[in-house]
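S.K.: Could you slot chain B onto chain A? The hints should help.
The primary structure of each chain is shown beneath.
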Amino acid sequence: MRLGGKLAPYLLSLPGWAYLLVFFLIPLVSMLGMALAVGDPISGFVISFNFQEFVDAFNGYQAPFIRSFWYGTASTIVTLLVSYPVAYWIAFYGGRHKSTYLFLIMLPFFVSFVIRVLAWEFILSDQGVILGTLKQFGILPQSSRILSTQWAVIGGLIYNSFAYYVLPLYVVLEKLDRRLVRAANDLYASPVTAFMKIILPLSAPGIFAGFLLVFVTNVGDYVNAALLGGPGTYMIGNIIQDSFFQSQDYPMAAALSSILMLMLMVAILLYSKAFGTDTIQEYAA
Amino acid sequence: MSAPLSAGQDVRLEHVVKQFGGWTAVDDISLTIKGGEFFSLLGPSGCGKSTTLSMIGGFESPTSGAIYLAGEDVSRLPSYKRDVNTVFQSYALFPHLDIFENVAFGLRRKGVKKAEITERVNTMLKLVDLTGFAKRKPGQLSGGQQQRVALARALVNRPKLLLLDEPLGALDLKLRKQMQIELKRIQHEVGITFLFVTHDQEEAMAMSDRLAVMSKGRIEQVGTPAEVYDHPATEFVASFLGASNFIPGEVVGQSGDTAAIRLEDGATVNLPARALPPAAKMVKIGVRPEKFIILARNESAPPGWNAIEARTGVSVYLGVSRQYMMESASGRPLNVYTQNSGQLGELAPGETVRLAWHPDHTFAVNANETQPEGEQR
Chain A
668 MRLGGKLAPY LLSLPGWAYL LVFFLIPLVS MLGMALAVGD PISGFVISFN FQEFVDAFNG
728 YQAPFIRSFW YGTASTIVTL LVSYPVAYWI AFYGGRHKST YLFLIMLPFF VSFVIRVLAW
788 EFILSDQGVI LGTLKQFGIL PQSSRILSTQ WAVIGGLIYN SFAYYVLPLY VVLEKLDRRL
848 VRAANDLYAS PVTAFMKIIL PLSAPGIFAG FLLVFVTNVG DYVNAALLGG PGTYMIGNII
908 QDSFFQSQDY PMAAALSSIL MLMLMVAILL YSKAFGTDTI QEYAA
Chain B
3 MSAPLSAGQD VRLEHVVKQF GGWTAVDDIS LTIKGGEFFS LLGPSGCGKS TTLSMIGGFE
63 SPTSGAIYLA GEDVSRLPSY KRDVNTVFQS YALFPHLDIF ENVAFGLRRK GVKKAEITER
123 VNTMLKLVDL TGFAKRKPGQ LSGGQQQRVA LARALVNRPK LLLLDEPLGA LDLKLRKQMQ
183 IELKRIQHEV GITFLFVTHD QEEAMAMSDR LAVMSKGRIE QVGTPAEVYD HPATEFVASF
243 LGASNFIPGE VVGQSGDTAA IRLEDGATVN LPARALPPAA KMVKIGVRPE KFIILARNES
303 APPGWNAIEA RTGVSVYLGV SRQYMMESAS GRPLNVYTQN SGQLGELAPG ETVRLAWHPD
363 HTFAVNANET QPEGEQR
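Protein sequences, first through last, are from chains A and B. Here the first sequence is numbered in our numbering, starting from 668 and rising by one per residue. Here the second sequence is numbered in our numbering, starting from 3 and rising by one per residue.
Just chain A, with the same shape it has in the complex:
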């Protein structure tokens, strides 16, 4: 009985560890193995410790890599700027309707991701609701378009990550002690200063959590680029998808995925260094 009591925490965490093993560690190891393998899907792959694939992947796809990080960064920053006021408003002024507002923000998620992106394709199309109308009134020239440009892709990424940024921001702003704002006002801080010096730094954990969720997903995304973009908006996710399903060059796809993962880890590390996530965790606890 005593032994069981001591073991209980470990036993309870077992499903979690099993999950990580099956869905993270094994795929990760097999992906790295695949990146170092030679062969083809029909005759099979042999691990050869052939690092050439990494070199080729890195040299051959610099443009999509840069594009992915540009789209990811731009969409993450705009999403943050759009979702912060919304989260702030719900947390501070939502009153007893807070959950209703959050539900409304979650509502589009009840529709499939692909359907929602397709809807945007329809809305943004050259003769669609927006452009068609504007062209009809002569506000825009007939040649103007959004679809197939990078702005359509970035816009799609922003739209799809909105709720993922609102939720972590809402969580930190909701539990932020309002009395601190009062104290800042008492100490000669105007509402703007109080926001910059107190609310913003204290919501850093939410900004970071949202960044992790949105930036990582958006850099690796391929659906928005495939449906809203054109030939010039190929992201690294599209290349990986093509390598897997069209050219069936599994080692190349695995090498690209590994490089992407490494780059994302470096980006996150740089972010946390630049904005002092260590101290963030210290007082968020």
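Don't take every hint at face value.
What the hints assert, rightly or not - No more than 30 Å apart at the CA atoms, straight line, and that leaves these computed lysine-lysine pairs for DSSO-like:
no., chain 1, residue 1, chain 2, residue 2
1, B, K112, A, K842
2, B, K116, B, K139
3, B, K83, B, K139
4, A, K940, B, K139
5, B, K139, B, K186
6, B, K186, B, K176
7, B, K83, B, K115
8, B, K176, B, K293
9, B, K36, B, K186
10, B, K176, B, K128
11, B, K139, A, K842
12, B, K112, B, K137
13, B, K128, B, K83
14, A, K765, A, K842
15, A, K940, B, K137
16, A, K940, B, K116
17, A, K842, A, K940
18, A, K842, B, K83
19, B, K139, B, K179
20, B, K137, A, K842
21, B, K186, B, K293
In case anyone wonders, no lab produced these hints; they're calculated from the structure. Since the model is a prediction, treat every value here as computed from it, not as a measurement.
M.R.: Chain B only, in chain A's frame:
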């Protein structure tokens, strides 16, 4: 430190009313707090004292009436433009800033020069005995230390007025007593007007130069602790500031400075005429439990003293004193405290004794007033 403030630094409230929806939290308060004074607002929770403080601090604006700070009408001035600082009940220290930056916060907002900030913050940390804690975060400090940081953070700005919103409420008893003395010392040293809000009558009496007792959004009485304790204006004040015994009676005569009251049990007692409420007829006289002396059998009361008959009940031994629960001849419960000087042995329950007290130790309130609800001591 800045020089003690002159009378020109008074804080004045004129007919201040605060309503939330249909509910009146503060109901027509007028009050003057003198420059350099340690003033307390005392009352049970919900009496409007914290709302009053909020309005003086600029966190709420009065529904009507005006607040003057050193002659200037600040009623509509937002808190960040007021020369008033607050020590909050929850301390409200900024968790992401170290102690130095917490204390420097107000000075930085005012654009004080860096060298001066360093000097003033360090002086202040020394004053509250926290030198060496500058680089710590609030979370690494004990409750008492956090409390002193909150005090330093407010005082370093040398405000015209310091508001203290039950700042000792979260501390344990021993620390609270220590901080009471500490606060008095600091106030004496910096000479800033302190407005202290508390529901603890003992704390208010121990610390204040003057205090206002509040109830249901109104001020019941303003005065020094001794005035308010010895001559409470209302039954509420009498009961809120310590235990009291009340006996109903009727004013039957007045000669010179002395008024005579016939009590409900038939005894007639005297009290100073100025203790009577204006134009009073039916009153309740009040006597503090420690003002009674119990007369020994056949002993007569000292000349000029009042005396009534009572029957003893159970008693509680408290070391310095013994508390008797007694009953007047008309059946009213009476609390009597006797000094433990050993002159009188313990009285058995059911004995009939005589209680005597000096007329000056008698106060009177209107008879039709209701007892205060809750928080009676």
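S.K.: None of the hints should be skipped; say for each whether it holds.
M.R.: Hint by hint, here is what the structure shows:
With a C-alpha separation of about 29 Å, the suggested pair K112(B) and K842(A) falls inside the 30 Å cut-off, and the hint holds. Distance check on the hinted pair: K116(B) and K139(B) sit about 21 Å apart at the alpha-carbon level, within 30 Å; holds. For the proposed pair K83(B) and K139(B), the alpha carbon gap of about 27 Å is at most 30 Å, so the pair holds. Only pairs whose Cα atoms come within 30 Å are accepted, and K940(A) paired with K139(B) is accepted, the gap being roughly 20 Å.
Distance restraint check for K139(B) and K186(B): the Cα-Cα separation of roughly 27 Å lies within the 30 Å cut-off, and the hinted pair is therefore satisfied. This hinted pair checks out: K186(B) and K176(B) have alpha carbons roughly 16 Å apart, not beyond 30 Å. Between the alpha carbons of K83(B) and K115(B) the distance comes to roughly 19 Å, so the proposed pair stays at or under 30 Å and holds. For the hint pairing K176(B) with K293(B), the CA-to-CA distance comes to about 29 Å; that is within 30 Å, so the pair holds.
Taking the CA atoms of K36(B) and K186(B), the gap is near 16 Å; set against the 30 Å cutoff, the hint holds. A threshold of 30 Å between alpha carbons decides the hint, and for K176(B) with K128(B) the separation of about 22 Å falls inside it, so the pair holds. Under the criterion of a C-alpha separation no larger than 30 Å, the hint pairing K139(B) with K842(A) is consistent with the structure, at around 20 Å. For the hint pairing K112(B) with K137(B), the CA-to-CA distance comes to about 22 Å; that is within 30 Å, so the pair holds.
Using a Cα cut-off of 30 Å, the hinted pair K128(B) and K83(B) holds, with the two alpha carbons roughly 28 Å apart. For the hint linking K765(A) to K842(A), the alpha-carbon distance of about 13 Å falls within 30 Å, and the restraint holds. A threshold of 30 Å between alpha carbons decides the hint, and for K940(A) with K137(B) the separation of about 21 Å falls inside it, so the pair holds. Between the alpha carbons of K940(A) and K116(B) the distance comes to roughly 27 Å, so the proposed pair stays at or under 30 Å and holds.
Between K842(A) and K940(A) the alpha-carbon distance is near 25 Å, which keeps this suggested pair within the 30 Å criterion. Between K842(A) and K83(B) the alpha-carbon distance is near 27 Å, which keeps this suggested pair within the 30 Å criterion. Simply put, K139(B) and K179(B) have alpha-carbon atoms about 26 Å apart, close enough for the 30 Å limit, and the pair holds. This hinted pair checks out: K137(B) and K842(A) have alpha carbons roughly 26 Å apart, not beyond 30 Å.
Distance check on the hinted pair: K186(B) and K293(B) sit about 29 Å apart at the alpha-carbon level, within 30 Å; holds.
The structure agrees with every numbered hint stated previously.
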